[in-house]
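Participant: Chains as they are written, first to last, in my numbering: chain W, 9 to 161; chain A, 56 to 317.
Read the hints as simulated data drawn from the structure, not as lab findings. Here the structure is a predicted model, which is why all the values come from computation and not from measurement.
Here's a subset of chain W near chain A, in silico, CB distances under 7 Å, partners left out:
#, residue
1, 23
2, 24
3, 27
4, 30
5, 31
6, 34
7, 88
8, 98
9, 104
Pair ranges (Cβ atoms, derived):
#, chain 1, residue 1, chain 2, residue 2, range
10, A, 149, W, 10, 41 to 47 Å
11, W, 61, A, 156, 42 to 48 Å
12, W, 80, A, 67, 38 to 44 Å
13, W, 36, A, 156, 24 to 30 Å
Just a few of them, taken from the derived set where beta-carbon distance is under 10 Å, the chain W residues facing chain A:
#, residue
14, 35
15, 86
16, 93
17, 97
18, 108
Glycine residues also receive a C-beta, built at the ideal position from the N, C-alpha and C atoms.
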Amino acid sequence: MDLSQLVQNTVCGGLAAAGFGVLFNVGFRGLTWCAASGALALALRTIALDGGWSMEAASFVAALAVGVAVQLVPSRFPVSRTALHVVGCVPMIPGAFAAKAILGLFAISAQHPVTNETFIASMDNALRVTLIVGALGAGVAIPSLLRVQNDSR
Amino acid sequence: MPKPAMIRRCESLDAIAILALEFGRLLMEAGSSARHVEEITTQVAIGLGAEHVHLQVNYTSLAVTICAGPDAVTRMRRVGPMGVNETLHRALSDAATRILQGGLTLTEARAELTHLRQNSPSHSGWYVAVSVGVACAAFGRLLGADSAGVAPILFASALGQMVRRQLAQHHINVFVSATAVAFLGSALCGLGARWAGSQTLATDIIAPMLLLVPGVPAFNAEYDILEGHPTIGGSRAIWVIVMVVFMTVGVWLAQGLLGVRP
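Work out the full structure: start from the sequences and follow the hints.
Facilitator: Spelled out as structure tokens, the structure:
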């Protein structure tokens with residue numbers, strides 16, 4: 009395990025989550041918790057990736073951990089559970105993959121004939137975006153759905 | 056759940072429906088999921104004396120039917136552009152809890168809502184811009200940008216956020232704004248990173264556009280579908296896809312200007 013990589017990703021995850029917390033108008037008292045949520049997510053994803061897991065599986069586990077941790081937060085907390093979910097997982101949203109997938113499609117439309125390399129790279133990015141977003145959403149939603157079901161009983 | 060006082064029965068169902076819908080509208084515009092909108096709107100209506108509440112959540116409108124005894128009323132409300140405002144979301148949730156617990160009359164609830172709408176605190180533009188810059192710089196490092204690329208990403212993202220805020224204040228279409236901000240951020244970042252000697256230019260110019268990634272709508276879309284609201288979830292998902300396409304066009308234009316290969 010590359011410890012410096014783990015520390016860097018954890019810090020960057022915390023900074024990105026806190027920054028988006030400000031953008032989402034989270035109060036000052038809640039920003040530390042936003043940073044903690046992002047740091048937890050990125051630390052777990054880095055450890056999972058280092059363990060040889062795929063990006064999709066690592067993202068799912070990290071999102072699930074954030075989802076479970078957020079459910080343990082009391083309802084009277086400086087920031088809502090939903091906001092903690094989202095800012096924790098925002099640093100894992102594959103925005104760059106999405107952009108690369110669409111840029112790849114633009115490149116394909118400009119190529120005559122189309123090369124397999126460009127096409128496959130674009131499709132690979134598009135597929136990764138779909139699977140990672142699905143993994144993140146499912147990871148944070150499962151604990152929340154279980155709690156709602158439990159509360160309604 | 057505590058029973059509201061019987062005296063509230065005499066409150067006008069119509070006024071209750073209008074107030075409940077106003078709570079719902081503000082929640083939608085603050086970035087709440089359909090389930091939260093439904094829960095909180097129902098709390099408000101029940102707390103003010105309704106016996107049954109049926110809410111329909113659509114992308115651009117809300118419709119509610121509330122019943123008390125033999126009487127029922129249906130009202131509809133248009134919803135404005137969706138944003139994200141966690142502070143307002145929490146304040147509305149807290150107010151709805153107080154209403155449900157019988158702490159506020161209809162008049163007091165209306166005054167509370169007006170107060171929240173007019174006095175909800177928000178961070179200053181400069182603070183948000185710098186925070187977004189730091190967040191995008193952190194994103195850049197996570198994507199593999201080298202250290203020479205970090206400062207250009209930070210400054211370009213902060214400037215992009217300030218321009219985005221100005222465009223929003225002038226009611227520029229959100230998709231056109233996304234393309235303009237992505238182009239500006241990517242082009243400035245590309246120029247700065249090239250001057251700073253960054254070796255990861257292709258990654259650097261993508262990072263400033265990440266401030267535009269619609270994370271909350273993307274998660275809400277998935278939540279809504281999973282929680283039994285596929286119509287609004289599907290609408291949100293399409294909005295997210297179109298937004299990503301428009302912001303990518305901005306990056307594509309910047310790539311063309313700078314001659315950067317993806």
